[in-house]
Amino acid sequence: MKNLLYIGNKLHKHGFNKTSIETLGVFLADEGYTVAYTSVKKNQIIRLLDMMMTTFFKAKKVDYILIDTYSTSSFWYAFFCSQIARFFKVKYIPILHGGDLPNRLKSNPYLCKLLFKNAYANVAPSNYLVEKFKKNGFENIVFIPNSIQIDEYKFKNRIAIQPHLLWVRSFAKIYNPKMAVEVYRLLKEKHPKASLTMVGPDKDGSLIETRHLAESLNLKVDFTGKLSKEEWTNLASKHDVFINTTHFDNTPVSIIEAMALGLPVVSTNVGGIPYMLSTAKNALLVNDNEPIEMANAIEVLLKDSKKVEELTSNAKLLIETMDWHAVKLKWMKLLE
Numbered sequence: 001m002k003n004l005l006y007i008g009n010k011l012h013k014h015g016f017n018k019t020s021i022e023t024l025g026v027f028l029a030d031e032g033y034t035v036a037y038t039s040v041k042k043n044q045i046i047r048l049l050d051m052m053m054t055t056f057f058k059a060k061k062v063d064y065i066l067i068d069t070y071s072t073s074s075f076w077y078a079f080f081c082s083q084i085a086r087f088f089k090v091k092y093i094p095i096l097h098g099g100d101l102p103n104r105l106k107s108n109p110y111l112c113k114l115l116f117k118n119a120y121a122n123v124a125p126s127n128y129l130v131e132k133f134k135k136n137g138f139e140n141i142v143f144i145p146n147s148i149q150i151d152e153y154k155f156k157n158r159i160a161i162q163p164h165l166l167w168v169r170s171f172a173k174i175y176n177p178k179m180a181v182e183v184y185r186l187l188k189e190k191h192p193k194a195s196l197t198m199v200g201p202d203k204d205g206s207l208i209e210t211r212h213l214a215e216s217l218n219l220k221v222d223f224t225g226k227l228s229k230e231e232w233t234n235l236a237s238k239h240d241v242f243i244n245t246t247h248f249d250n251t252p253v254s255i256i257e258a259m260a261l262g263l264p265v266v267s268t269n270v271g272g273i274p275y276m277l278s279t280a281k282n283a284l285l286v287n288d289n290e291p292i293e294m295a296n297a298i299e300v301l302l303k304d305s306k307k308v309e310e311l312t313s314n315a316k317l318l319i320e321t322m323d324w325h326a327v328k329l330k331w332m333k334l335l336e
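Its first residue numbered 1, the sequence shown is counted upward by one per residue in our numbering.
Heads up, a few of these hints could be off.
[Unchecked claim] With a cut-off of at most 27 Å between alpha-carbon atoms, the simulated DSS-like pairs for lysine-lysine come out as follows:
hint, residue 1, residue 2
1, K203, K229
2, K41, K226
3, K18, K330
4, K154, K135
5, K60, K91
6, K316, K306
7, K303, K193
8, K238, K281
9, K61, K89
10, K307, K238
11, K193, K307
12, K41, K154
13, K106, K58
14, K61, K106
15, K226, K178
16, K156, K117
17, K117, K106
18, K60, K117
19, K2, K58
20, K91, K113
21, K229, K330
22, K2, K154
23, K106, K41
24, K333, K117
25, K303, K18
26, K41, K58
27, K307, K113
[What the hints assert, rightly or not] Label-pair ranges, simulated between beta-carbon atoms:
hint, residue 1, residue 2, range
28, N269, S107, 18 to 28 Å
29, P109, T34, 20 to 30 Å
30, K13, M332, 46 to 56 Å
31, S237, D304, 17 to 27 Å
32, K173, K220, 17 to 27 Å
33, N296, M1, 44 to 54 Å
It is worth saying that the hints were derived from the structure and are not from the lab. For each residue, glycine too, the CB sits at the ideal point set by N, CA and C.
Please work from the sequences and hints to get the whole structure.
Below, the structure written as structure tokens:
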């Protein structure tokens, strides 16, 4: 088996949600690959330096370098580490996560060319990014979806549902958590027993803002903070609708997990979402930052049990293609 260096934000121990480095990295290690990781440093500057130093000293000892690549400030560690890999002539593979990466291609075309054109391959977990990258001249791109181990999730059949909403994400402006509260307010007017649970750690102060909004509207929202996967998936059994309110996105694992749990999904129609989900087939999609549209979509589910059954059944078929047992074959083909 090959030796890998995986570069990404390995920050779960600091209270952040697990990212790909802590899921895909473990999957690959379980398949027999030797995986070294960087970085666990919480401070962003120190983390960047740690990543660069680790890449410098380990580059010649590994067969491939995997780099989680985002569109915001974390783009820079992908860029600098990739150039170190180029210096040592080591194959590197950016794993594209940022839903706003197409805008990065436009704003930094020269740097993106250095990063992505010289990669052994660019791995896109959505056909959205495959399409956008090819349009910008990057042909060395491979579609490998995000994956989960389906047998770790208990699928619950939901027919007649109640307006018990679940939101799972880091609290950040890009994920628009305040929209969830607005949707809840609209539903509460017609359904006094409606509820909203919001799971996730604070990332940029948005948790405080969302709490204040709920308090100003006199709404009781259950803010759980960060929960383990086991904790929030157990909590999901008490809820009937999963809502995703993000402004930008790629292929969020939280949606894949929600579908594996049998939750009907109502999401904003942004970024890679419509490339993963088909509205009225396996989810309901609404326009960005339109709480009235999302509340109306949830009302459809409350009134139509057959639609709930159709969406969740089709969603189950979709996520079966994202099970690690299927996805690992794509990774092994790429790395071997």
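Now for the hints, and whether the structure bears them out:
no. : hint                    : verdict
1   : K203 / K229             : holds, 18 Å
2   : K41 / K226              : holds, 19 Å
3   : K18 / K330              : holds, 22 Å
4   : K154 / K135             : violated, 39 Å
5   : K60 / K91               : holds, 10 Å
6   : K316 / K306             : holds, 15 Å
7   : K303 / K193             : holds, 16 Å
8   : K238 / K281             : holds, 24 Å
9   : K61 / K89               : holds, 12 Å
10  : K307 / K238             : holds, 20 Å
11  : K193 / K307             : holds, 22 Å
12  : K41 / K154              : violated, 34 Å
13  : K106 / K58              : violated, 32 Å
14  : K61 / K106              : violated, 34 Å
15  : K226 / K178             : holds, 17 Å
16  : K156 / K117             : violated, 44 Å
17  : K117 / K106             : holds, 15 Å
18  : K60 / K117              : holds, 21 Å
19  : K2 / K58                : holds, 14 Å
20  : K91 / K113              : holds, 16 Å
21  : K229 / K330             : holds, 25 Å
22  : K2 / K154               : violated, 34 Å
23  : K106 / K41              : violated, 30 Å
24  : K333 / K117             : holds, 21 Å
25  : K303 / K18              : violated, 36 Å
26  : K41 / K58               : holds, 18 Å
27  : K307 / K113             : violated, 45 Å
28  : N269 / S107: 18 to 28 Å : holds, 23 Å
29  : P109 / T34: 20 to 30 Å  : violated, 36 Å
30  : K13 / M332: 46 to 56 Å  : violated, 29 Å
31  : S237 / D304: 17 to 27 Å : holds, 22 Å
32  : K173 / K220: 17 to 27 Å : holds, 23 Å
33  : N296 / M1: 44 to 54 Å   : holds, 51 Å
Checked against the numbered hints above, the structure violates hints 4, 12, 13, 14, 16, 22, 23, 25, 27, 29, 30; every other hint is satisfied.
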